[in-house]
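These protein sequence lines map, in sequence, to chains W and G. Under the numbering used here, residue 85 is the last one in the first sequence; the count climbs by one each step, no gaps. Under the numbering used here, residue 382 is the last one in the second sequence; the count climbs by one each step, no gaps.
Rather than coming from a laboratory, the hints here were simulated on the basis of the structure. Hints may be right or wrong, so weigh each one.
Each pair of labels, with its calculated beta carbon distance range [unchecked claim]:
(1) W/52 to G/307: 31 to 41 angstroms
(2) W/57 to G/258: 13 to 23 angstroms
(3) W/72 to G/303: 55 to 65 angstroms
(4) W/50 to G/85: 54 to 64 angstroms
(5) W/46 to G/307: 44 to 54 angstroms
(6) G/337 to W/82: 52 to 62 angstroms
(7) W/17 to G/355: 52 to 62 angstroms
(8) G/332 to W/66: 25 to 35 angstroms
(9) W/46 to G/263: 27 to 37 angstroms
(10) W/78 to G/308: 32 to 42 angstroms
Each residue gets a CB set at the ideal place from its N, CA and C atoms; glycine is no exception.
If you want the building blocks of each chain, they are given just below.
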Amino acid sequence: MADGILLERAGVPAVSICTDSFVPAARAMATVYGFPAYEFVTMPHPLASLDQRQIDACARELLPELVRILGVES
Amino acid sequence: MAAAVHDKPPVAEPPLVDAAEIRTAMEYYARQEWTDGLPVVPVTESYLAEFLARTSRDPKDVVLAMPHLNRECTVRLAAINAAMAGCLPEYFPVVLAAWEALDGEGYVTRGIWQSTTGTAPLLIVNGPVRDRIGLNSAGNVFGSGFRANATIGRSIRLTAINVFGLHPHLLDQATQGTPAKYSACIAENEEASPWTPLHVEHGFDPADSTVTAMVIRSVAHIEARHTQVPEQLALDIAWTVGRTGAMVIGTTSAVLVLGPEHAKVFATAGWTKDDLRQFIYDHSASSRADLAAVGKDAISRHTRWRLPAGHPDALPVDASIDPVPALNSPAAVQVMVAGADNAGVSAVVESMGARGNPPSIAKVRDLE
Numbered sequence: 012m013a014d015g016i017l018l019e020r021a022g023v024p025a026v027s028i029c030t031d032s033f034v035p036a037a038r039a040m041a042t043v044y045g046f047p048a049y050e051f052v053t054m055p056h057p058l059a060s061l062d063q064r065q066i067d068a069c070a071r072e073l074l075p076e077l078v079r080i081l082g083v084e085s
Numbered sequence: 015m016a017a018a019v020h021d022k023p024p025v026a027e028p029p030l031v032d033a034a035e036i037r038t039a040m041e042y043y044a045r046q047e048w049t050d051g052l053p054v055v056p057v058t059e060s061y062l063a064e065f066l067a068r069t070s071r072d073p074k075d076v077v078l079a080m081p082h083l084n085r086e087c088t089v090r091l092a093a094i095n096a097a098m099a100g101c102l103p104e105y106f107p108v109v110l111a112a113w114e115a116l117d118g119e120g121y122v123t124r125g126i127w128q129s130t131t132g133t134a135p136l137l138i139v140n141g142p143v144r145d146r147i148g149l150n151s152a153g154n155v156f157g158s159g160f161r162a163n164a165t166i167g168r169s170i171r172l173t174a175i176n177v178f179g180l181h182p183h184l185l186d187q188a189t190q191g192t193p194a195k196y197s198a199c200i201a202e203n204e205e206a207s208p209w210t211p212l213h214v215e216h217g218f219d220p221a222d223s224t225v226t227a228m229v230i231r232s233v234a235h236i237e238a239r240h241t242q243v244p245e246q247l248a249l250d251i252a253w254t255v256g257r258t259g260a261m262v263i264g265t266t267s268a269v270l271v272l273g274p275e276h277a278k279v280f281a282t283a284g285w286t287k288d289d290l291r292q293f294i295y296d297h298s299a300s301s302r303a304d305l306a307a308v309g310k311d312a313i314s315r316h317t318r319w320r321l322p323a324g325h326p327d328a329l330p331v332d333a334s335i336d337p338v339p340a341l342n343s344p345a346a347v348q349v350m351v352a353g354a355d356n357a358g359v360s361a362v363v364e365s366m367g368a369r370g371n372p373p374s375i376a377k378v379r380d381l382e
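Next up, chain G with everything else stripped away, as it sits in the complex (with noise of 0.2 angstroms):
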């Protein structure tokens, strides 16, 4: 037995494909521009095939419509995307859900993708099909290294491109865009969190697996690894929430990524997510001298844009409500957990999504 392992050659066995003609194939692709600027995986009706297996839907059903492009996604030209992106078939389903979520919270459909703010779809995953697929809730998560959220999150970019046709520069007018345009799917961390689960929080059962889908802007850090005080940990993310850099129009929203460590302070200390939330609506309001120091202490008649008082523009100042709320309310402030847990850090995603109404979460279907 020792003599044939001696037997085999030294180095792997040729490969059956020349590395060239994967080349072409791949060139084939970049020069049609069907591509996010990395390389995609080259699709045949067989390898679609598989896809669309996955699912019990037509292939002609639509997942999302642009009205302003007369332009749709359909179950098919998704499945084409998600394998161009590397998903493999079985993320299928999930590929769908986020379509569905997408669709539901309504930002998509009316042309934010176009915009010069430059958003990207966050994807946030729950349930059972996180450790079904390999998709990553614990350290790195908004990095790389997971094939599962890498391209799932990529799905959704190569469709807008190819499907919907926002290549940048030309329909794509973001100014400078965000890294989160390349891929933004995270799992919640469920087992390290102290509290229900984002999809269970509203509605779901735990054992159903979700896609809850939001416009974004900006993932700030919060370094915060020297306290066990939750109002410090807290005033921390409010200050970070409430920034008028993040100010567009008259309140914002945001996520609460907050790393195991973090959940953990509040939890010790007792507060519920409802906890957390009042006191960031509370401590993340600006003075309105503040705000008038940067310009954006009046909302626009019209476009409901902060700009300075004196603007033409400008409605009435209300000078009575001194601080300005950064947030319409406590709601506006989803919490979830995700991350390792071995040191203090915790983000905040500032999203444009539903200010105060309950997030898009769609079930990830056909999982059987």
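For reference, chain W alone in the conformation it holds in the complex (with noise of 0.2 angstroms):
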């Protein structure tokens, strides 16, 4: 989350992904960084042993997200 949010707040467009264990810990850290509303991307857990197939699964689902809220002209 925070890198998410400082990368923003550098300029650079970027959206935090995070499985959704980590919901409420994402949420007290966007808050700790002064930006409680921060909008960002959850999916399901687990992540870390997921093989590369469940992986490129995963990020073409959230691919729209991403793209709503980087917030692409279409």
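Build the complex from these two chains, which are given one at a time in their own frames, with help from the hints.
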């Protein structure tokens, strides 16, 4: 969360992604950084043990939401 | 005179303060979540002043900062939490040395207390301050029963929660944590050690009092009451140090907290601490096949964590290195003595501390 917020503040478009297990921690960190309403993307837990095919599938599924938060012109 | 004794009431005098008032204060602290779950001691300015009088440092001095949270702990805040933890004012110089050692180690300032790994800080106290404030270095050294051990360790946890805001389920993301998160402060049983104490080994004077601090995950115990053969005992320890479950990144590090009986087994056979370290280094390595069996035979090019050789992030494996060392050098093993001299029992503390660098040790100041 901290990296995403700091990148955005530095003018670098960024979206943070975390698994659903980390949502309370993510909100707490965003609040520490003075951005309690910071919008981020969540995905099902776990992530670390997924194989390449499963990671690719997650990425495809998350992409529209990432693009929406980034605000890409259509 | 005998009559006067009989004139005394059969029970204690009623307390001057109603327990309900004490409980009101305790519950207030609990409602504010200024606690590790146990009751804390209420602190007023007058009580705080007794702690601050024990140090020459300015109350505004920063003892540890966490830049990524934009939060810092001052001497005053450390004192408030030491008092809340149940410390006596005379313990405060040890608490301050603990913060200095934690700061010097470097893991805490980089956010390890927020990690899913769920570590705890272990404090090891050496020198005359042990006797002066009643720190236990003998029987039940990792257990309960001694105010100085219990409350100095607890003061660190309360500060983590109250000053840095590391509440579990929120900024403290520990998957399971460890019982050591309540408190982990031991003293070395220097008097029962056949070797140089930990702090002297690292350049301090025997008359110095010091705190060594390190991030730990587990305290695994070694039961070996049957042997006077140093190699047997050392193998038991080495195989515990090298267990694959403890392997997160490439190598690990450990503190051997030897019971006095085990320390004597080694010393009687003529082993020095360095002999023991070298033996542990040589025998804690795992075969590449054993590491492959648990999917930890390679290292990630990104995180340096262990993963299977076939993983897309895996660095190329050097098959000529077999067995694979669990430690980066013999110096990744610290050796100390603690506990009662009553059984062949020791412990391996699995530390995330210095892997071959000297441990972080701070001198206890302002003791006079």
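Hint check results:
no. : hint                              : in the structure
1   : W/52 to G/307: 31 to 41 angstroms : 36 angstroms, holds
2   : W/57 to G/258: 13 to 23 angstroms : 20 angstroms, holds
3   : W/72 to G/303: 55 to 65 angstroms : 38 angstroms, violated
4   : W/50 to G/85: 54 to 64 angstroms  : 24 angstroms, violated
5   : W/46 to G/307: 44 to 54 angstroms : 45 angstroms, holds
6   : G/337 to W/82: 52 to 62 angstroms : 53 angstroms, holds
7   : W/17 to G/355: 52 to 62 angstroms : 54 angstroms, holds
8   : G/332 to W/66: 25 to 35 angstroms : 27 angstroms, holds
9   : W/46 to G/263: 27 to 37 angstroms : 32 angstroms, holds
10  : W/78 to G/308: 32 to 42 angstroms : 39 angstroms, holds
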